[in-house]
Amino acid sequence: MLAQWAKSPFAVGMQLDLVSYLKEGPSMALVGATNNSTKFGNIIFRDMVSKGYNVIPVNPRATTVNDVQAYPDLATATRDHEIGLVVYVVPPKHTLESLKEARDLGLQKIWVQPGAGDPDVRNYLDENGFEYLMDACVMVESR
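Heads up: the sequence shown at position 90 corresponds to 85 in this note's numbering, and the numbers run straight through without jumps.
No lab work stands behind these hints: they were computed from the structure.
None of these values were measured; they are calculated from a predicted model.
Be careful, since some hints might not be right.
Said to hold, decoys possible - Pair by pair, the computed Cβ-Cβ distance ranges are:
hint: 1; residue 1: Pro114; residue 2: Gln64; range: 18 to 28 Å
hint: 2; residue 1: Thr33; residue 2: Asp12; range: 15 to 25 Å
hint: 3; residue 1: Thr33; residue 2: Gly124; range: 33 to 43 Å
hint: 4; residue 1: Asp68; residue 2: Asp115; range: 16 to 26 Å
hint: 5; residue 1: Asp99; residue 2: Arg138; range: 25 to 35 Å
hint: 6; residue 1: Asp121; residue 2: Ser32; range: 13 to 23 Å
hint: 7; residue 1: Asp12; residue 2: Met134; range: 27 to 37 Å
hint: 8; residue 1: Asp130; residue 2: Ser15; range: 10 to 20 Å
hint: 9; residue 1: Pro109; residue 2: Asn31; range: 30 to 40 Å
hint: 10; residue 1: Ser32; residue 2: His76; range: 21 to 31 Å
hint: 11; residue 1: Asp115; residue 2: Ser45; range: 15 to 25 Å
Said to hold, decoys possible - Calculated pairs, DSS-like style, for lysine-lysine (alpha carbon to alpha carbon, straight line, at most 25 Å):
hint: 12; residue 1: Lys18; residue 2: Lys46
hint: 13; residue 1: Lys95; residue 2: Lys46
hint: 14; residue 1: Lys34; residue 2: Lys46
Glycine included, each C-beta is placed from N, C-alpha and C at the ideal position.
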């Protein structure tokens, strides 16, 4: 089930396009990936990797996540990888900080996991023309 959509006349189409894009298997940066197997940053990482996705872990406090090289930020990750989708699984404050970096890097396809967004995040996404999905689970939509 798809959750909250961007506020635009094309919102439903944009969101469906993002889910379709996910099904194409883009490389994705997972902001908030972690080695803690009880946290969603690790659960999502393992799930998406098991489905064949190229998941690039982004966490400033980890050098690897499940033996995969991690990056401290999106800018560093984009030096080694072409990123098609950025998935956020961090508190809204950190999502908002990282979205500014995503904007500067030209990363426009954003997936905000439940709990990673708030009204400020939504406003920022709307004001900056991102194609985004909020409050839908990437693991569910990738089935």
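Hints the structure fails to honour: 1, 2, 6, 7, 9, 11 and 13
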